[in-house]
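There are 2 protein chains.
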Amino acid sequence: MKWRLLFGLLAMIAMVPLFSQTEDDRITIRSFYDEALTSRQSYHWLKDLCAIGPRLSGSESSLQAIHWVKGVMDTCGFDRVYLQPTLVPHWERGNPEKAILYDSKGGEYPLNVLAIGGSVATPPGGITAEIIEVPSLMAIDDIPREEIEGKIVFFNPPFDQTNIGTGASYGSNVGTRAQGAVKASQKGAIASVIRSVSSGDDDAPHTGTGHYEADVDSIPAAALGVRSADIVQHVLKLDPHAKMHLEMSCKWFEDAPSFNVIAELRGSEYPDEIIAMGGHMDSWDVGEGAHDDGAGCMHALGALKLLVDQGVTPKRTIRAVMFINEENGTRGGEEYADQAVKLGEKHLVAIESDAGGYSPRGFGITADEEQRLKLESWLDYFPKNTISYMSKGGGGVDIGPLHRADGTPMIGLSVDGQKMFDLHHSANDVFSAVHPRELELGTASMATLVYLLSQYGL
Amino acid sequence: MKWRLLFGLLAMIAMVPLFSQTEDDRITIRSFYDEALTSRQSYHWLKDLCAIGPRLSGSESSLQAIHWVKGVMDTCGFDRVYLQPTLVPHWERGNPEKAILYDSKGGEYPLNVLAIGGSVATPPGGITAEIIEVPSLMAIDDIPREEIEGKIVFFNPPFDQTNIGTGASYGSNVGTRAQGAVKASQKGAIASVIRSVSSGDDDAPHTGTGHYEADVDSIPAAALGVRSADIVQHVLKLDPHAKMHLEMSCKWFEDAPSFNVIAELRGSEYPDEIIAMGGHMDSWDVGEGAHDDGAGCMHALGALKLLVDQGVTPKRTIRAVMFINEENGTRGGEEYADQAVKLGEKHLVAIESDAGGYSPRGFGITADEEQRLKLESWLDYFPKNTISYMSKGGGGVDIGPLHRADGTPMIGLSVDGQKMFDLHHSANDVFSAVHPRELELGTASMATLVYLLSQYGL
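Protein chains in written order, with the working numbering: chain A, 6 to 463; chain B, 6 to 463.
It cannot be assumed that every hint is accurate.
The list cannot tell twin chains apart, which means a pair is met if one copy fits it or any two copies do.
To be verified - Straight-line distance between alpha carbons at most 35 Å, and here's what the computed DSBU-like set of lysine-lysine pairs gives:
no.	residue 1	residue 2
1	256	75
2	52	389
3	351	389
4	242	52
5	389	320
6	389	379
7	379	397
8	156	103
FYI, nobody ran anything at the bench for these hints, they're computed from the structure.
Bound-form chain A, shown alone:
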């Protein structure tokens, strides 16, 4: 039996470090959650960030926010903090927009409206025209040009409430916002207004980016609050000749100088293997960009700070990247990828949080199946009711260019985002809509993921 005893002893010796490593990791990870939930550092930073105001690319406040976040990073004890310059589009909304529905008996219905980002203005004094309601982007293809010409097209698709993940419903309708003006203009319309792409039932309009095409006349594009859209829909049934007045003074400017902001903890063993995690600093120009994507930025920055505060020396290099210009250009994400290629940087993985500051639920992975399974084997490190899956597919707009440039695997944070599209791109995306514990659970979950990646690779 002696050989068995020997074997047993050898096995025990072999197991001890494994077991200890796991226990050490658990203690470290528990400290991330404890620290995040008590210090609430990400939440306090988010409050300061939101106080600066909305941060549309090219705006004065976006630059203030960039310099504010760099100033914060400079105090955190990171190994390196730097700005990465890039030019960004610069569009301004101008005066508050005006939209009024007039019926033919003299009834006036003021409507809540926002220009879609990038829209041209109306002529001074606005435009007034009859309206044609179109139930979806594609439905316009079946309507004869003579029924559209000279009118305002009103794209009015309902939001599909049946998807558990409201992002899918957003995706189904966002085409009206992005492409509506082009499709309407091609049939001779003089403006395009849409029902806001919103899961909510208030009347706050939701903006977002729209597109034009070089060979199609650019016509004004706007989004109505969903209650306003309901009013237009109902009144048109009573009075098909009701007219809409629309007035917008938005304007394009020259591309403006801006920056990604990057903080780095250098890896002790594999400094050339980079783990990049981030969110985007820019927001739309209404509300405060609290969930979209101040939360994601503070997730990444807060996670890096947790590593420092808990005395972690990562084996691989970890970056928190605050990308600029996710909303209307992705210039920050492209610049980051360009520089990575130019400098020959090797990214192990890129991670994005851009789904809101709600309770974390899982990560979505775009990587080899073997890599995904490795991530899945770590699920047990995440406390109950935080991260419960590592599912196939996921990433982010800002890390997409790097993925496309060199195949860097992508990971996106999934959250309990039932409320996200109630307030996304609207005046209601403000700091007070963020819950401290929900935000901090995201921060600690990001810290846990990058910690494990830095120790064990992918």
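Since the structure of chain A is provided, determine the placement of chain B on it from the hints.
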């Protein structure tokens, strides 16, 4: 090879119904989510329920709510709807409470306060006394009687923010609310006030049930808002002789008649096997009892209605039970168990939703491990980002008596409750704090669970 062909054919024939059954189940389950997310029936009912006002056991409004919910059930096409009578405790808060802190330089600090449920009143005109701060319930044991006698004891334990599940932190501190007055009285105090058991940082006091013992003088018991508690704490450091004035006029009455309300769908194959799911109709007497536990009631009622609306004929009997008196007596839960034993009813399982109307995350199970594993094997039926675990341990206060009486397995719904103890038992537990999609995902998840239980047993 012919026998192989035959075997293959037989296997295919055997598999077809299995496969179809699974697919049928998936289609049925998908219809629960689609219907709940579009009709929002539970949410609309919850709005009506909350409009009645708070529903403390024995109150007029609790009876209004009971008759309202029976009226709703009567319209739903259930097989049976009935009231189950029981007596309940009847305590009233009386006039709004008053608490003021006075320092010795003439400074006055008005404090936000609520009597703890069941408290005796102060003498008319109130009491005024010096305060002794005690950091936890147990800490009072080490303080000499002479330091406490004639004073107001101020139990001030902080809320532990490090638990991911805030229910555990609530559990750690709730003893000050339940037992504080007895412990303080035993050492000669004239009143007991506590820091509200709250995860929030506003100043709304949180009430809840308190206890007295027959052989210990009953002294007034109250809860301060956490900001008010901070003020008392800070001022006591500056001025240990600061005094508190406390005025409460609450009163006990005779036990009052009340009811559980029960709706039933009769099983087609095993009518004698009962699946009971429920929440509690009573609430505290501030706010609207929206999350606690209007949400749980509407989860159960909404789930039963989904089964009817989707044309499900359950094989086993399913009940939606609106229990009375969870908050301060459990008389409803006890009566339900007593009647079940008396009538010889056989319960397959009892399910409770009493954690709030937030996004569902899992079920907690108190049953044999074999039964839990059977439930776990159904996880794949629940859509992503709804139910992701069937963990050990769970149940509910109202179904506890049945479990203790005859061993009926218990299941409790777990939700993403990061916000729950911000508002629990306070004036902020109102309908507007409930999100329609989050509530309805709970309803559909309850429907899914009872559907599978009714078809496949436990």
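Contradicted hints - numbers only: Hints that this structure does not satisfy do not exist here, as all of them hold.
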